[in-house]
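Q: Chains as they are written, first to last, in the working numbering: chain A, 1 to 346; chain B, 347 to 805.
Do not rely on the hints blindly, as some may be mistaken.
[As the list claims (entries may be wrong)] Each computed DSSO-like pair below joins lysine-lysine, with the alpha-carbon atoms no more than 27 Å apart:
{"id": "1", "chain 1": "A", "residue 1": "LYS203", "chain 2": "A", "residue 2": "LYS257"}
{"id": "2", "chain 1": "A", "residue 1": "LYS295", "chain 2": "A", "residue 2": "LYS257"}
{"id": "3", "chain 1": "B", "residue 1": "LYS621", "chain 2": "A", "residue 2": "LYS18"}
{"id": "4", "chain 1": "A", "residue 1": "LYS345", "chain 2": "A", "residue 2": "LYS286"}
{"id": "5", "chain 1": "B", "residue 1": "LYS404", "chain 2": "A", "residue 2": "LYS56"}
{"id": "6", "chain 1": "A", "residue 1": "LYS9", "chain 2": "A", "residue 2": "LYS245"}
It is worth saying that the hints were derived from the structure and are not from the lab.
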Amino acid sequence: MTPYFAIDKLENVHGNFKLGPVSMELDKGEYMVVLGPTGCGKTSLLRNIAGIAVSKTGDIYLDGENINNLPPHKRKIGYVTQTSDLFPHLTVKQNVGFGLKYQKLSYADKKAKTGRFLELFGLTAIADQHASTLSGGETKRVAMARSLITEPRILLLDEPLGMLDHNGRKKMTRILQMIHTELKTTTIHVTHDRHEAWSIARKCAVMNDGMVMQTGSTSELFRMPQSRFVAEFLGGTNIFEAEFKDNIARISWLELKIKQNNLKNNGWILIRPEKINIVDATSKSKFNGTISEIKDSGEFIEIVAESVKSVSIMVHTSLDNAIGLKTGDKICLDWDDESVHTILKD
Amino acid sequence: MPFSRYFILRSIPPFIFFSHLILNIILGMTKWIMPFELFNLMLIGANFIIALMLYRGKGNLLLGSSIMLVILSHAVIGQKIAPDSLTSGSILMINILILYVGFKIYEQLDLKYFIVFTASYFFLFFIFIKSMKNAEALFLLSLMGLAATARDFKLLSYFWALVISFTLCQPYSWPALIILFFMLKILFSINRKSVPFMIFVFFACGLGLVFFVLLPVIAMVVENDLRNVANILKDNQIRDAIYLTLVTASVSTAVLAIFCVPFAYAVSRHNFFGKTFLLSLIDIPIIIPQSAAGIALLRVFSKQQFIGEILYNSFGIRFDGTILGIILAQVFVALPFITKSAISAFDSIPPSLEHSARTLGSSPFGAFARIALPLASRGVFVGLILAWARAAGEFGAVLFISPYPPTAPIEVYNRFTSVGIVETAPLVTTLILFSILIFFILQLSTKMMPQMYRRDYSA
Chain A
1 MTPYFAIDKL ENVHGNFKLG PVSMELDKGE YMVVLGPTGC GKTSLLRNIA
51 GIAVSKTGDI YLDGENINNL PPHKRKIGYV TQTSDLFPHL TVKQNVGFGL
101 KYQKLSYADK KAKTGRFLEL FGLTAIADQH ASTLSGGETK RVAMARSLIT
151 EPRILLLDEP LGMLDHNGRK KMTRILQMIH TELKTTTIHV THDRHEAWSI
201 ARKCAVMNDG MVMQTGSTSE LFRMPQSRFV AEFLGGTNIF EAEFKDNIAR
251 ISWLELKIKQ NNLKNNGWIL IRPEKINIVD ATSKSKFNGT ISEIKDSGEF
301 IEIVAESVKS VSIMVHTSLD NAIGLKTGDK ICLDWDDESV HTILKD
Chain B
347 MPFSRYFILR SIPPFIFFSH LILNIILGMT KWIMPFELFN LMLIGANFII
397 ALMLYRGKGN LLLGSSIMLV ILSHAVIGQK IAPDSLTSGS ILMINILILY
447 VGFKIYEQLD LKYFIVFTAS YFFLFFIFIK SMKNAEALFL LSLMGLAATA
497 RDFKLLSYFW ALVISFTLCQ PYSWPALIIL FFMLKILFSI NRKSVPFMIF
547 VFFACGLGLV FFVLLPVIAM VVENDLRNVA NILKDNQIRD AIYLTLVTAS
597 VSTAVLAIFC VPFAYAVSRH NFFGKTFLLS LIDIPIIIPQ SAAGIALLRV
647 FSKQQFIGEI LYNSFGIRFD GTILGIILAQ VFVALPFITK SAISAFDSIP
697 PSLEHSARTL GSSPFGAFAR IALPLASRGV FVGLILAWAR AAGEFGAVLF
747 ISPYPPTAPI EVYNRFTSVG IVETAPLVTT LILFSILIFF ILQLSTKMMP
797 QMYRRDYSA
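Please construct the entire structure, taking both the sequences and the accompanying hints into account.
A: Listed below in structure tokens is the structure:
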């Protein structure tokens, strides 16, 4: 069965920047977050899907139809840009109802539908204000309502939580979840913030330099990154270069047993900081060093330890375990072989 | 200590007195002045008394010596300028008063006040010597005014506005005074505490130039009374000319709007080969002289030329000497104005707005008509106004390609060459008033257009 939405080897060159080849699949009603650093081609990808930028190679399939050669107004795709781009000469109501002008509905139906969407997004009170007078959160909500009222086949969101304060983000997150659960719109949400991705989506793709590095569920990406970039971008620390031989990984100061067998290439190993335990000096340990930094981040204590060979390692531990520790103390660390994740070089 | 500083200073008044005495005798011998006239003897006596007082240590040495010098200079040259001793005497008294005021300003205020005061005095003197013969009373009156206003720069500027408009700007004194007062009001409305002095000076420079540009216009309007204007409007020939101008300018503007606004949108939204070159080509009608433009148009479109001949023979379209020719010339000269302002108006609107409209279902034309055009309407409309004004006022090009039927500018020229400047003045006044009226109405309607879109990232 073909998926609802698919991108097949999409490529586009814009100046010095090259997008793709990108391939991606999405089922109906799914909510996917595309993560990537600034300038990695997220917005460019959305522009290609929306048809504002036209790619010469590759195909985009939506609902069994190749839409890559359709002009934007025939694609029926909702696109909320980063700057929202409300029409400043129209009121909120006119902005929201803009897309209905092109649909075959009676005047009463259009009015009713506009009213419903204004209410759904909490905009009824400001319906007659001019779009240029709105606050950041209101602007985003109007842009969202304006796109969704046309019942797009797929909704593209470019940094919908960007430039919002804490409360605005909370409100907007709730709206995004509502879109997902109530309207069941297939959505691609683009952001550079991994916490945003965790809080909303289950499916996620990481992009870098115009390429999709890895696709999967959020926990999969977080725990089992397939490349060093993904590991680091998702906040991974304790990444050490390693030589693999049979089921032994050799890092600069010790050899570790790993689960996988017969790994040929060299690569890296990744140890999550919360999996590392502080142990007594008497027992057998995998790392000996001194504490170079202790930071209290509320829920846990973050300790950075440095060995004699100036290898540094980060540990997250509970408050109880960290009592009495201070910078300069000797520390011994240990971890299970099970919790080591391996990353292969390409 | 016979040569101490005090001794030297104290010897100045007697020195001035004796020089006065000697000069009186010498100049008397050369018949420059009458040495034994009562007025001259009185001046010598006055200087003697002051010198005696100062020598005995009474009074301010600086002030006293200055007064003595003033008396001396009046004794030597004053009578040559003023016709009689009475006038000469009053000028002397006023000058001593001015000296006293200057002395007090120097003592109590800044040095710059003193410098401005002195410069003002000499400038007034210069104006009256040069341009106002036999107007001593006016000179004395303005000196009193100077003395009264010198302590405040703002007051002094109003005083100078008054003097300049009633001396240098004769016979347009009243209009000049009104504009100058208005400009000073603008200038002094600047908060000098928050605005740097440099900006203040720059602003003043610009206002000065605007004054000279506005002066002839206002003078022309003020000098004729409205009855003449009413009479002019009864003249059928002139009414026809004005009517023709309004119609041709409006048609030209409409033609320009239909062709140039979409063109400007296309140029603004897309890059293509030779864009910069094309944009500079558009400016050519501004650069070349109007008369040259007229001849160039004639060279292509007149009945005797190739293209003109084809058009005339196959379609019956004739440009030279017809209303069509007027419109052609007007379109030619007004083209850059509308095109350039429309391009910059469209440039100021981010294309992403149209992209958003496209994803919401607008066709390319829909995005243009519903988003870009309304948002750019103000800039486009300003361009249309400029183009209209340019078309209505065009003289050079129209004169060559189609001098008859005459438009309003050509009618002015015809009258000027046939009957002269005095008879043409009421017509000119009428045209100026008419143009101002129309321009005012158009400007007012621009204010009703939507604001030019400013992208605001702070929200």
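Q: Are the hints correct? Go through all of them and say.
A: Hints and how they fare:
{"no.": "1", "hint": "A:LYS203 / A:LYS257", "verdict": "31 Å, violated"}
{"no.": "2", "hint": "A:LYS295 / A:LYS257", "verdict": "31 Å, violated"}
{"no.": "3", "hint": "B:LYS621 / A:LYS18", "verdict": "26 Å, holds"}
{"no.": "4", "hint": "A:LYS345 / A:LYS286", "verdict": "24 Å, holds"}
{"no.": "5", "hint": "B:LYS404 / A:LYS56", "verdict": "103 Å, violated"}
{"no.": "6", "hint": "A:LYS9 / A:LYS245", "verdict": "35 Å, violated"}
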